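Protein chains in written order, with the working numbering: chain A, 1092 to 1289; chain B, 87 to 734; chain C, 1339 to 1683; chain D, -6 to 228.
Check before you lean on any hint, since a few could be wrong.
Not the full set, but computed from the structure, chain B residues with beta-carbon under 7 Å of chain C [what the hints assert, rightly or not]:
hint	residue
1	Thr321
2	Pro327
3	Met455
4	Ile565
No lab work stands behind these hints, which were simulated from the structure alone. Please read all numbers here as calculations on a predicted model, not as lab measurements. Note that the Cβ used here is the ideal one computed from N, Cα and C, for glycine as well.
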Amino acid sequence: MEPETSTHHTTTGLNHRKLLMWAFLGSDCMFFGSLIATYLIYQSRSIVGPIPADILDIPVTSVSTFVLLMSSFMMVLSYNAIGKGDMRRFRIWVMGTILMGCTFLGFQVYEFREFALHGLTPRTNLFGSTFFTLTGFHGAHVTLGVIWLASLFWFSYKDPETLKKDHGLSVDLAALYWHFVDIVWIVIFTVVYLIGGV
Amino acid sequence: MVSISSVFERPTTYKGIAGWLVTVDHKRIGILYGVTAFIFFMVGGLEALVMRWQLARPEMTAVTPEVYNQMFTMHGTTMIFLAIMPLGAAFFNFIIPLQIGARDVAFPRLNAFSYWTFLAGGIFLNSSWFLGGAPNAGWFGYAPQTTKLFNLGYGIDFWIMGLQILGIASLAAAFNFIVTIVNLRAPGMSLMKMPVFTWMTLLTSILLVLAFPVITVALILLLMDRSYGTLFFTTSAGGDPILWQHLFWVFGHPEVYILILPAMGIVSEVLPTFSKKPLFGYPVVILSGIIIAFLGWAVWSHHMFTVGLGPIANAAFTITTMAIAIPTGVKIFNWIGTMWKGSLVLNSAMLFSIGFILMFIIGGLSGVMHSSASSDAQQQDTYFIVAHIHYVLFGGSIFAIFSGIYYWFPKMTGKLLSETIGKIHFALTFAGFNLAFFPMHFLGLDGMPRRVYSYESAMGWDLWNFVSTLGAFMIGVSILVFLHNVAKSMRKPNDAGNDPWNGRTLEWSISSPPPVYNFAHIPQVKTLDDWWNTKYSGKKPLRKVAGGSEQPSGEAVHIELPGLSYFPLFASLGLLIAAYGMMFSLVLVVLGMLLTMASVYAWSLEPAEEHSPSDPLSLEAKEIASLPLDARTDRIAELLKSSQGRKK
Amino acid sequence: MISKYFIQKLLVVCCLAATIGLLSACASDSPMSTFGAQGPGAAQLEDLFILIFWAALVVFVIVGGGLVFTVVRFRQKPGDTSLPPQIHGHRNLEIAWTIAPILVLIVIAIPSIDGIFALANSPDEDSLTVTVTGHQWWWEFDYEDEDIVTANELHIPANTVVNLNIESSDVIHSFWVPKLQGKIDAVPGHSNFLWLEADEPGTYLGQCLEFCGEAHANMRFVVIADSLEGFEDWKANQRAPANTPSGRAISGSQLFLSKGCIACHKIDSTGGTIGPNLTHFASRGTFAGSILENTRGNLIKWVTDPESMKAGNQMSAQAPVYTNPDMAMTPEEVSHIVAYLQSLK
Amino acid sequence: MSASAGPETNHPTPLTYFKAAMILVIITAIEVGIVYIAALESIMIPLLIVLSVIKFAIVVLFYMHLKFDHSLFSWMFFGGLTVALFAFILVLTLFQVFSSPSNPEVVTVEAKHGEVAHEEEISKEPSAEEETSAEAVSTDNQSTGNILVAKGCGACHAVTDVSGATGVLGPSLDGIGSRASSRQQGLSAEEYIRESIESPAAFVVEGFDPIMPELRSTLTDSEFEQLVSYLMSLN
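Work the whole structure out from these sequences, hints included.
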């Protein structure tokens, strides 16, 4: 987990890896922008049902949204803990984040299953195709985040000193990614569920 | 730290093929990029020659329509993704760290990963010829032509997965160069003291990281349609082919600037050097580059003027497209301003740059002709457009790339290319190019459609097609002349010296070829064109020829270099295996992804800069760092000489 | 020295003159040329192009000439190693050459935008309307108000505005008759609009311009502008039911059913719509995406082995007579079917 | 080690993080509430957008601590975000996502497919059936009968109620849904119909020639499903 060429002089005084992460997040805006735009263009063009209003379950999704928001809260607490060198709290909060992330994924699996039972699959209509693709890729991002955090959790036992370096830079990067996935969900929740779902 | 070295000894070799496989040195990676991309450039060129042969006379039967379709699809895809972009990347890799006074890029192993992934994508895409047929729906892959309903074979799947792999390579490289340029500039090199080529690389990289995610999504949608039965482009289910076009061109137009901005950067380096004058209006050239890069996001629909967007949209995109001509024109005027009152050294590099400007003026003007949506209604999808893109991408990008090769070849190899052969090469290229592509304007205005494998004599297109084919083969000959020049130069001893052109930027301040650690001492930059100003600041640099940076600095420097690594290569290999698996076997997908993930894990656990004690480079660097400043230069020259001896 | 400059300038002028000469020379002989417009739509676009061309030429002569002059004038003199004056820029000059292209662009933008709206808005919305459908790889023309469906040959009355709804049944095609009007794409799921008008009666070539698959190059059509009376006669003939076959054509008409041709081709009101409507096939001058002249020889070759005449066509890929060896036709059967087709006046 | 993650001391305390979390939860609750308040329907969309932008900003500024970090990070992130917003709002405008559905171009496209989600009466109709049938296929006989004609089946096969299907070359399809199950040992009616379309030569009805073309490849999956379920409905 050593920052690359960290001992070198940098022009801005900023860490390479953190710059890379922010550039990546800027770029990922275009990725989700494309998927969300596709969803918006197609949401009302399905020829056969079900349409969003038939099938989207706002109360259930509100709960999973709450879970994801809270996972972001825990993530930021774990980052705070590692910054202070508090490895015990770090482990607690990061494990909390992982569990909440898994809960969110559980909700998503439940939702996908439920929709399939009600006759909505990616092959049913345009709404199905775009909905599953958009939320599926968000879910893939969450999954990657969970794997990443789990690696950090494991690493906190293996080599805690490295993890604390640079005010917990490695944790900071994972946290930025995690929060980004959270804000993408904020947009999806509003656009797909709240505006499109009624 | 418990390193994985217990399992896997970290590579230490710099010699032979193994040395190239594990290298993380930006200069070696640059050369790998350049050589590989040039090979793909010739493959794409051969495809072009097959097409020109087929079109030399009316109703030829050299290839079947299906093969012809595969030829033009692969020609476009190869030239854009496997030739021009990576040739640009070759220069980014070799030159940027030298121009900004850095030891390497910010993420050397990621850089190696970019190259190997690019190579994997190129091999994957081209292997389609032998595995059931190449893609056949054009480099733009318009749905629904590319959906399973109309295109059953593997070709399109090769195209989709190939572009995805190349996208990963390009994104990784672009992130790397953004961070490198932002964060690894020599002390004192503020943004407005950066060489123009570095600026254009930064803009290109920014465009890349913003444009590629869009094509990634478009390709994912298409892949899901083809493989999993989703309905994005199934028109009978309400899917809209226009969505593909928008996603494709939101990516595709910035992509055009990704191809041309590095070329503009190269020309902006070559012209001042050989005019012996600073670039005219440096801030304006930078600003117009920025404007071109960002206006690029507001013009993509001019590729879609005939799809029926409606008059209001067409009018709006006509105006934004015409607006692009303004910053482009400003650049051309500034280049001419640079040469004005100069003392022009008309060598091969300069001739290619001048040729670039002239060809780019023609390409730009024909671009203005169809920036008008109404005029474009008569030109869209005819040979007029083929002429235009080749004036921009061959007359533009390729001319500039050749200029860059003649300019930087001595820095890369320590050897000068022959000027006599270089001028013959230029004359042949220039004549062949205009012979091949200027008649296409006439063909287009006479109504010849693009992408047709044959035509009838009654259409009156015989003469210009024949002329065009002659020109195309002339270009082919010119490439052979160039190869001869390179081969001949490589056989002679180093004769370039450190600064053969009386250069302006930092790369000319060090020896040719540069030592692995580039700068024995990181330079302090005070002005734009710092090296030039140092040379002419009154106090003549003491040892201009001997090499090594001269700017003294009190700071004690410990030369640290990135350690070699197997894992970038393995991570790319995993992607390649997984991509084949997408087509032939799920097992391969799983194996490939496991290999990639394991490599990424091992990579992130492997310290960036750890060297095994026996690493000769590490010893060398430590030795240099321990020497007093004055002695370093001589020692580097000595080491370089002996390393050359070792090679033979 | 001066004479050398003079020669080089002369060369530039000669090149330009040659260019202009070539441009005008190539304008005449191609039937698909965008020059020599035969209708008001194409004429407006041609005028626009010529305006832009001259503007571009002036710019090219000034900028390109300036470049060549600079290169020749300021090249390094032998033995001269002195440094030229180090000029970093000139603000007023740079402002001037930013404004100059804006002015040129305004000059061409105004007629361009005018052209965009002229292309999109029909001068006469109530005139004859035809629905054009692009198929892989032929064109269908449906005169909905007249109850006429034909293929590959669009008959229109001369001197009359004709409104076209451009659609597609499969992939994206593009409808273009360069002598009459600019092109517009045929996009599945969309209905695009284009209007045409021919000044004189005559035959105008058209072609699909958007790459649409294997036989893209062979997806042509013709627009036949008739005099008003001629158009009325044509309509009357097309509206009539198909001729009753006689002689060899009778057995041809039975083969047309039993060999399954009818699954794709409609005659009168029976038959599929996958292939061209053949009710009045013999009245057409060309067939197979308008690449073959409608002669007995061509028809026999076509019906025997369509793939050899037009690679990739749907008929040879789908029709059981070509895909199923048990269904293959004898030369005699082919000649009967051709006789039947030729009887469909 | 000069390159660090930024001045840690500037970062907010856990209390600030907690406040931010509470605001996020409250806004989410308000958002969900808004959706169910009929009175707010007319301003619902702008309201929801404003609220989610606030949430977005809180996470970015506090949790991702852009508010406290180097401005270069903000440039990188908001640069990407701005280009994304610009490009995709433009794309959505070109697809007329923001304009009213009465716009002529939208109608041409949608009229063709016969359904506009904004028009509730039409779009709610299939949803009622959805509850009973897991198959998301419209069972409107007339419209799928049209597919029979549009795809050329009617040229050879006749169906009494469908005006365009009058062919005599192939067997009549009346009652195929019930007859098909007895045609072939071990094959259900649906399997028989699918097989017959996919490989026309598989079962040829006595008295007819094996001339049916392979038309499956001209049908999309959903068209094929519609066709099969339509044929199954012919009792």
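* Against the structure, test the hints numbered earlier, and report the numbers of the ones violated in rising order. => 4
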